[in-house]
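J.: So the protein lines, in turn, are chains A and B. In this text, residue positions in the first sequence follow my numbering: the first is 1, and each later residue adds one. In this text, residue positions in the second sequence follow my numbering: the first is 1, and each later residue adds one.
Don't take each hint at face value.
Identical chains share a label here; the pair holds if one copy fits it or two copies do between them.
[Unchecked claim] Once the Cα atoms are required to be at most 16 Å apart in a straight line, the calculated EDC-like pairs of lysine to aspartate or glutamate come out as:
id: 1; residue 1: K298; residue 2: E344
id: 2; residue 1: K545; residue 2: E79
id: 3; residue 1: K19; residue 2: E221
id: 4; residue 1: K545; residue 2: D123
Hints in this document: simulated from the structure, not taken from any laboratory.
Number of protein chains: 2
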Amino acid sequence: MCGIVAYVGQREAYPVVLKGLKRLEYRGYDSAGVALINDGSLKVYKKQGKVAELEDFVTGKNLSSQIAIGHTRWATHGEPCDRNAHPHLSGDGKLAMVHNGIIENYAQLKQELLKKGHTFTSDTDTEVLMHFIEEIKHSNQCGTEEAMRIALKRVVGAYVILIVDQDNPGTLLAARKGSPLVIGVGKGEHFLASDASPIVEYTKEVVYVNDYEIAILRADELILKNISNEVQTPYIQKLDIELAAIEKGGYDHFMLKEIFEQPQTIFDSLRGRLDAKQGTLTLGGIRGEYEDMLKNAKRIIMVACGTSWHAGLIAEYVIEELCRIPVEVEYASEFRYRNPVIGEGDVIIAISQSGETADTLVAIEAAKKKGAIILGVCNVVGSSIARLSHAGAYTHAGPEIGVASTKAFTAQLAVLNMIALKIAKDRGTITDQRYQYLLNELDAISDKVATALKLSDSIAAIAAKYKDARDFLYLGRGYNFPVALEGALKLKEISYIHAEGYPAAEMKHGPIALVDEHLPVVFVATKDSYYEKIVSNIQEIKARKGKVIAVVTEGDETIRGLADDVIVVPEADELVAPILSVIPMQLLAYHVGVQKGYDVDKPRNLAKSVTVE
Amino acid sequence: MCGIVAYVGQREAYPVVLKGLKRLEYRGYDSAGVALINDGSLKVYKKQGKVAELEDFVTGKNLSSQIAIGHTRWATHGEPCDRNAHPHLSGDGKLAMVHNGIIENYAQLKQELLKKGHTFTSDTDTEVLMHFIEEIKHSNQCGTEEAMRIALKRVVGAYVILIVDQDNPGTLLAARKGSPLVIGVGKGEHFLASDASPIVEYTKEVVYVNDYEIAILRADELILKNISNEVQTPYIQKLDIELAAIEKGGYDHFMLKEIFEQPQTIFDSLRGRLDAKQGTLTLGGIRGEYEDMLKNAKRIIMVACGTSWHAGLIAEYVIEELCRIPVEVEYASEFRYRNPVIGEGDVIIAISQSGETADTLVAIEAAKKKGAIILGVCNVVGSSIARLSHAGAYTHAGPEIGVASTKAFTAQLAVLNMIALKIAKDRGTITDQRYQYLLNELDAISDKVATALKLSDSIAAIAAKYKDARDFLYLGRGYNFPVALEGALKLKEISYIHAEGYPAAEMKHGPIALVDEHLPVVFVATKDSYYEKIVSNIQEIKARKGKVIAVVTEGDETIRGLADDVIVVPEADELVAPILSVIPMQLLAYHVGVQKGYDVDKPRNLAKSVTVE
C-alpha cells in the first residue's frame with residue numbers, strides 16, 4: 001500500500017509522475033501529492049482524495065521540472081487529509097520526502113526532535129523521519145545522502161523512501177527495506193516506482209532494489225550502495241509485461257476485465273505444465289531436491305493473507321486428501337509473531353499475488369532463518385517473496401489491477417492443485433486412474449469457467465434483488481467452505497455490506513441468530529460428498545425464513561425446490577470445483593458493488609499489495 | 001437442540017413434563033407440545049413459541065394423565081409453526097411421538113409412504129418416521145415396540161424418540177442414536193429427558209441410555225434392550241448436581257449469573273489439580289499411558305465447534321509455545337467429512353461443554369475408528385463425548401443454562417492451560433522457573449477475573465453508547481485473536497448485531513472496507529508481545545474514523561490516548577490473559593443484548609447443546 005513514483009531525466013517530470021501515480025492508485029487513494037523543483041526552488045502540491053483531485057488542484061500552476069517525486073497514500077498514521085498527504089518537507093523546506101511503510105519507533109524519534117525544537121505540521125511518521133534526517137544533516141555537518149544513511153540505521157520498521165533536495169536539483173535519493181522499489185533505466189533518464197507499471201511504457205530495463213540498499217539517481221547515472229556505503233553492481237533485468245495488460249481494454253472496470261480473463265489466465269497457469277493427453281505434469285520451479293523435499297514433507301504449512309489465505313485453505317483439503325500429508329494454514333501476521341513449531345521435514349508454501357505482502361514476507365523471512373524450506377506461489381515475477389523462496393511456481397494471471405483479487409485466486413488454485421497432484425504422484429498416494437482423471441478435470445476447468453461467466457447477466461439480476469440487504473451470510477462445507485469465505489470477502493470489499501463466511505454446520509453454533517426474513521444466505525452447494533449435509537443446513541435456514549441463494553450443479557432439482565435463487569454451474573470434480581464455484585461469488589460481489597454506485601476498482605480504505613504489517 | 005421430556009408413574013404427568021420443558025427450553029424454543037392420555041384417548045396440545053405459550057394455550061383443558069411426553073423444538077425441517085410442532089401423530093391418531101435429531105433419508109421414506117396412501121399434516125421428518133412405524137405395525141401385524149425397532153434399522157440419521165400409545169396407556173417407548181437421553185428412576189415412577197435437569201428434583205438415580213438402545217418404561221418397570229432385541233442391564237448412576245445450580249439465584253438472567261460465577265468456576269476447575277505453592281499439577285483423568293501419549297504426541301488436533309473451537313485456538317498457541325508440538329484446530333463438522341490425515345502419535349482433544357455436540361461426537365467417533373487417541377474436555381459428567389474419550393479432564397463449571405456459553409469457556413481455558421503446562425513439564429520444554437511462574441499466574445487468574453467483573457456497570461455505559469450500531473468488528477492478535485472471535489460471537493448470539501472477529505492484521509486484507517465513522521471496532525489489546533503491532537492497527541482504524549473500544553492492561557496510556565473507550569483489566573501473563581480479557585467481551589454482549597430488550601438467555605434461532613449435525 002502507498003504508491004511512490006519518481007523521475008529524473010530530460011522530459012517534463014510532472015506528467016510522467018502523474019501518469020505513474022494513476023497506474024499505482026490501486027495501492028492507495030487516500031491522498032496524492034508531488035514534489036518538484038522549478039526556478040531553483042522546491043515545490044510541493046498535495047491533496048486528499050484520488051489522484052484526479054490532485055490533478056484538478058494543480059491546474060494552471062507552473063509545474064515545469066526535470067525531476068519529481070510523487071505519492072499516492074493508504075493512511076496508516078493520521079487520518080487521510082491534505083495535511084497528512086505526502087510529500088513531507090524538512091523544517092527548512094529544502095528537502096521533500098515520500099514514504100511507503102511504517103516507522104515503528106516514530107513516537108520516540110518525535111519526542112527527541114520536539115526537544116530539539118522541531119515542529120510538525122502532520123500526524124505522520126514520515127514527517128518525523130524527514131526531520132530526523134534534516135537534524136542529522138545539521139548536527140553531523142554532512143550531505144543528505146550521508147544523513148539518510150545514518151538515520152535509517154536508527155529506524156525500526158519497513159520503508160521505501162524517496163528524497164529530492166533543492167540544493168542538489170539533479171539527484172534523486174532512494175532507499176528500501178521491506179517495501180518494494182523498482183528502478184527503470186532509460187536513455188539519459190531514470191524512473192523509480194513501487195512496481196513496474198509506471199515504467200513499462202518508457203523502458204523495459206529494470207533493477208529491483210534489495211533491502212538495505214540505497215540508490216542515487218541522476219539523469220545519466222545510477223549508483224547503488226548498501227547501508228554500509230559500499231557500491232553494489234545493479235542487476236538489470238528485462239520486463240516481460242506489455243502495456244495493454246495494465247489497461248482496461250473495453251471493460252467498465254479492471255475487476256470485470258480480470259473476472260472475464262479467467263478462462264485464459266487459468267489456462268496460462270496450466271499451460272506448459274499440465275499435459276492431460278500425455279498424462280504429465282511438470283513444474284519447472286519445483287525440481288530436484290525441492291521436489292524431493294515436498295514428496296517427503298512431514299507437514300506443509302501454508303502462509304498467506306486475505307484471498308491467498310483462502311486459496312491455502314482449499315489447498316489444505318486437496319493436499320491432505322490426495323497426498324496424506326498434514327497441512328496447516330496460517331495467517332501470515334499471526335504466524336510471524338507466535339513462535340510457531342517448525343521441524344525438520346516441514347515445508348512452507350507462501351502464497352501472495354503481489355509477492356510483496358509485508359505480513360507474508362516477514363513471516364517467511366523469520367521461518368527461513370529457522371531453517372525452513374520455502375516454496376513461493378506468487379503472481380509477480382521477481383517479487384520479494386518469489387526471490388526469497390527456495391523454489392516455487394508462478395501463477396500466470398498477468399498484472400492484477402482491481403484491488404479485489406479475482407483472477408489471481410483462481411490461478412493460485414490451479415497451481416496449488418498441480419502441486420498437490422505432483423506430490424501425490426511422487427508419493428504414490430494416488431492411483432494412476434484417479435491421477436489421469438484429475439488431470440483431465442483440471443484441464444477442462446477453464447472451459448467450464450467460460451460457461452459460468454455467461455451467467456453474469458442473470459447474476460446481475462440476483463444482485464439487484466438483494467443489493468440493499470444489510471448483511472449476508474456465505475456458507476459452504478468441505479472444499480467449498482473457503483469459497484464461501486472468499487465470496488463474503490469479495491462482497492465486503494466491493495459493496496461495504498457486512499458479509500461473513502462460515503462452514504455451513506458452524507452456523508448452528510451462533511451465527512444463525514442473525515437469520516431472519518431480511519437476511520440473504522449464499523450457499524455454495526455444488527454436488528460433492530457434503531451435499532446431503534448442506535441440504536439439511538439449507539432447510540435450517542429456510543425454517544428461519546432466511547433468503548437462500550444457492551450455487552448448484554447442473555441438474556440439481558432438490559436445492560432448486562428449496563432456494564429462493566439458484567445459480568447453476570457445470571459439473572466438476574469436487575477437488576477442482578472451487579475454481580468454478582468462486583466465479584458466481586466474484587460476479588455477485590461485482591454487480592452488487594456497481595449497482596450500489598461504488599468504485600469497485602478502488603474500494604474505500606483498501607489498497608492492493610499490502611506492504612505494511 | 002430440541003428438548004424432550006416424559007413421565008410415567010402415579011403423579012399427574014402434565015405438570016412434571018411442563019416444568020421439565022421449561023428447564024430444557026435452552027435447547028430450543030421454536031415451539032412446544034405435549035401428548036397425554038385421558039379418558040382412554042390420546043390428546044396432543046402444541047403451539048408455536050416458547051413453553052409459556054403452550055401453557056396459556058392449554059389453560060382450562062382436562063390434562064389429567066399419569067403418562068405424558070413433551071417437546072420443545074429447535075426447527076430443522078419445516079418452519080417453526082403450530083403444524084410443525086411436536087408431538088406428531090400416526091395416521092390413526094393412536095400413536096404420538098416426539099423426536100430430537102434429523103432423519104436424513106426422510107424424503108425417500110416419505111415418497112414410499114405417500115405411494116401407500118399416507119397423508120401428512122406437517123413438513124417434518126418426525127411425522128414421516130411416525131407414519132413409517134405405523135405402516136410397519138400394520139404390514140407386519142406386530143406391536144409398536146417391534147415396529148419401532150424394525151423402522152429404526154432403516155433410518156439414516158440421529159435421533160432420540162419417545163412414543164406413547166393409546167392402546168398401551170401405561171407404557172413409554174424410547175430409543176436413542178446420537179442424541180442424548182437420560183432416564184430418571186424414581187419410586188414407582190420413571191422420567192425421561194434430554195438431560196438431567198428436569199429429573200434432579202425428583203430423583204438422583206439415573207441411567208444414561210446408549211446409542212442403539214431401546215427403553216420400555218412403565219411406572220414400576222424399566223426394560224433396556226439393544227436394537228437386536230437383547231435385554232441389557234441398566235447401569236444406575238448417582239447425579240451429583242443440586243437443584244440450586246440450575247436456578248437463577250437472584251440474577252436477572254442465567255447468562256449474568258454464569259458470568260459472575262466465573263471466579264468460582266475457574267477456581268473449581270483448578271482446585272485439586274493445580275497447587276501453586278507445592279509447584280504441582282495433577283490431572284486425574286490423564287495418567288499413565290495417556291499421559292505418555294500426550295508427552296510423546298507428534299501432533300495434537302483440537303476438534304470442536306463454536307465457543308469451544310475458540311478455546312481450542314487459544315490452546316493451539318499455548319501448546320505450540322510451551323510444548324513445541326504442532327497443533328491443528330479443526331471445526332468438528334469439517335473434520336468429520338474430509339478424510340483428515342491421522343497418523344501414529346497424533347492425539348485428538350475434543351472440546352465440548354455439553355459433551356453431546358453432534359458434530360464433535362461424530363467426528364471423534366470416526367477418528368476413534370481410525371485408531372486415534374481421544375482426550376475429552378467436557379463439562380457434563382458422563383456425557384457421550386466424555387464416555388467415548390480414552391482419557392480427559394472435566395471442566396468444573398457446573399450446569400450452564402444460558403445459551404451463549406460463558407463460564408464453560410473460561411473453564412475450558414483453565415483446563416487446557418493445565419494440560420499444556422503438564423505436557424511441557426513432562427517433555428522438558430519449559431524451565432522450572434517459567435513453569436512455577438505460570439502456575440502462579442494461573443492460580444491468580446480467578447481473583448483477577450473477580451476484579452474485571454467489577455467493570456460491569458462501566459461496560460453497561462459503553463454498551464449504551466454503541467448498542468444501536470449496525471455492525472461491530474472485533475480485532476486481536478496472538479493469544480487475544482481468538483478472544484476477539486469469541487467476543488464477536490457473543491454479541492452476534494445475544495444482540496443479533498452482525499459482529500465479526502479477525503486477526504487484527506488481516507483487517508487490511510479486506511474487512512477494513514467496512515470501517516467508517518459509524519463502525520465500533522473492539523480491540524483486545526492487553527500488554528503482550530504483539531502490543532506494538534496492535535497499536536499500529538488501532539491507528540489504521542482511527543485514520544478511517546472508526547470508533548475504537550479497547551480492552552487494555554492497567555497503566556496503558558498509549559491506547560487510552562487513541563481509543564474512544566477503554567476497558568482496563570489487571571495485568572496477567574499473555575498465556576493466561578485470554579481467561580481475563582474475555583470477561584469484558586461477555587459483559588459487553590450481555591449489556592447490549594439486555595439494553596436492546598432481547599431475551600439473552602434464549603436468543604432467537606439458537607439452542608444450547610447442538611445435537612444435530
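J.: Hint by hint, say whether it matches the structure.
T.: Status of the hints after comparison with the structure:
With identical chains, the CA atoms of K298 and E344 are at most 16 Å apart both within one copy (8 Å) and between copies (13 Å). Proximity of K545 to E79 under the C-alpha cut-off of 16 Å is restricted to the inter-copy arrangement: shortest distance 7 Å between copies versus 42 Å within a copy. For the homomeric pair K19 and E221, neither the shortest alpha-carbon distance inside one copy (23 Å) nor that between copies (89 Å) is at most 16 Å. For the identical chains of this complex, K545 and D123 are inter-copy neighbours only, at 14 Å across copies versus 49 Å inside a copy, given an alpha-carbon limit of 16 Å.
In summary, the one numbered hint that this structure violates is 3.
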